[in-house]
Amino acid sequence: MKLDFSQPYDFKKIEDGIYRKWEESGYFNPDKLPGKRKKVFTMVMAPPNITGSLHMGHALEYTLSDALARYKRMQGYKTLWLPGTDHAGIATQNAVEKELKKEGLFRHQLGREKFLEKVWAWREKYGHIIIQQLKSLGVSADWSRLRFTMDQDYQKAVAEAFIHYYEKGWIYRGERTINWCSRCATSLSDLEIEYKEEDGKFYYIKYGPLTLGTARPETKLGDTALAVNPKDKRYKKYVGKEIEIQSVDPSIPREAEPKLKTIKIKVIADPAADPEFGTGVIKVTPAHDIADFEIWQRHPEVPITQVIGPNGRMSEKAGIRYRDLKVVEARKQIVEDMQKLGLLEKIEEYKHNVAHCYRCGTMIEPMLSQQWFLKMPELAKLAIYNVKKGKIKFHPKRWEKVYFDWLKNIKDWCISRQIWWGHRLPVWQHDPICIPKSGGENNFEDCALWQASLNEPKCRKCLAGFHQSEDVLDTWFSSALWPFAALGWPMKTGDLDKFYPTDVLMNDRGIINLWDARMIFSGLEFMGKIPFRVLSVHATVLTREGQRMSKSLGTGIDPMELIAKYGRDAVRFAIIWQAMGGQDIRWSEDALIAGKKFLNKIWNASRFVFSQSQSPDKIDFAQKPRPQTNDDKKIMANFQKNKKIISRRLESYEFGPALRVFYDFFWHDFCDQYLESSKKQVQDPKLKSNTGRILIYILGNSLKILHPFLPHITEAIASEKFGLKNNLLIAESWPR
RNA sequence: GCGCGCGUAGCUCAGUUGGUUAGAGUACUUGCUCGACACGCAAGGGGUCGGAGGUUCGAAUCCUCCCGCGCGCACCA
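So the number in this note's numbering is just where the residue sits in the first sequence, counting from 1, plus 26.
Hints listed in this document are in silico derivations from the structure and should not be mistaken for laboratory results. Do not rely on the hints blindly, as some may be mistaken.
[Said to hold, decoys possible] Here are the simulated DSS-like cross-link-like pairs (lysine-lysine), alpha carbons at most 25 Å apart as the crow flies: (1) K62 - K712; (2) K127 - K151; (3) K434 - K419; (4) K47 - K644; (5) K518 - K182; (6) K161 - K58.
Make the full structure from the sequences, and use the hints.
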């Protein structure tokens, strides 16, 4: 490629082709970087989902990471930025199911194996799109080390981790009321649900002598007790007694008029009942409410009735009157029935937060089911201790609080999911568990084994045969191993030796607990070392109006469109320009204009400088010229000063301020002032050649400093016009 | 309910431990096509720094309260 400085700056002509040069050089691979490079710098990329296409959040994260990686590379570090993609269990499965639906297919019609074939085919087809998009941003990751969280080796790592926990006795199987998404047909952890405030109704229902309030009257069919606060004097006389109440008879067919039925229900005392709220009486529905389940654990004598099925419809046990109705339909029906029978005292309007699936938005149905759990107390302790001791630094520090708050009140992690796409649990089991329900933790040893210990394919207790668990692991269980599993763990690889622990992890605040915390305790547990030294939590990109960018809301901005319109470097400029710290960014198109103008400025300043030296060869700019005039002294000193500030800013992950400082120097000090005075200086034969050297020196070194931010234009100019030790700017050393 | 963050020029944002006429980008006004660049240069208009108190010789910067916006967490029956 030949640069034509007689033409105005055109990003299309300049940027294309640069990326290929870098890839061909091999410099993204730390082992192929020139020079001695004793110091090592490592980052792992937060692996994007294979379902995804690049959004502004990615563009921000990867641009900042890339700037850091390039800076460190130039600083002489053996720099590894390890890329990958995530299989993203539920998200990907949903995407493929949607695709199938277009053909009128449903995953159960295909069966597990066929369905997984479809997912792999889908991954082949779409999984690389995001990689291409990353490349068009200029991401300097080592693609030769690209990993996928469902690679063969990675699957081994996940199984190894599971077995490790299993042998420690930290994995158990239990029957619990968990968050259930009836659309995805799987359990979800607490971190995988989102609350939305919704208008609802609050129903006051007569229970014999008592009245209680509830937002979910349909779960009344699964009530097995009433609870009051032990200190509540109003209800003291009922505690421990069974009371007789009139209730709706669920055995009357739906077509017929509702009838009353007399049932008995026990009143228990439990601190979970708040005397201040409602009437102070609550119904206990352990199978469909997580808080009620916890009450049940304190009162195991209370029976459990499951009246809602995994499909989100009322079950057999709800009685023929309600059976098969969707939850909301059943609610309508039972309210109507109770009204007719005079059981409903009053209805109030109220607002409350309703849980939804974070992947598909369906309302969460708490549901009793058998799941696998990982005990968290010891792991949480490790994670807290190491951050408290400062082994891992959070930037900005305030995010530590979010991390500590979660870990301090940690609950055991529900790690099983009832989907097909993911890491299948390496356990062989029979269903249901034959140990009697105790409410506590089930001793599952007799009911499940991991493969290696499976010499007796029958349960010692009930003699039932074993089969491999149908469940897969929570996606985050495998992501938690990323910093070391991506480097080859559990094998003892050279990479693991060289590159673990990593230096910096950069990501959005939304996954501090979902991912970062889990990497921290996993790293400590399996490697005995923290997975990264610094967690840099970057801003979230919002719309100009301050809304969340989202495809479904139509508020998203596609970075690829911006790149097509403004070019890669201009988009990077706009991102970094606005990345002023942890503060959220209200995306402003003005920054793109500023970027465009700045690139034009660089181009034209270069044109001027090169017009001063007609050397046909590549120009040497390594020699530091001696300043002669006052203007010479000023520009040389200013360059030194600003270079130092940039380094300091970058070391503390202040990308925006770093860029702005140098923008100011380059535009005003160098172009507006020195370039202008140089025009006079070159008239003087005594100053002419030295002035030329200063122009070259400042320009060449400015391109170096701007390279982490604007890699394409700087590389294009420098690698063509300047004599570089390794032919490319990317492998040059940072100015001294 | 608890916690966190934010409210500074029309718009998007800086403003490091309190200290001279509060800055940048963008937009706007005027002049300038002089051999890097009109995606430019030079000059300029525009802010009682959300509000009210307080500390101080001095506060956008520290303290208290209030108002507005955003986010996170909570056993929300």
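Hint by hint, here is what the structure shows:
no.	hint	verdict
1	K62 - K712	41 Å, violated
2	K127 - K151	18 Å, holds
3	K434 - K419	18 Å, holds
4	K47 - K644	18 Å, holds
5	K518 - K182	14 Å, holds
6	K161 - K58	19 Å, holds
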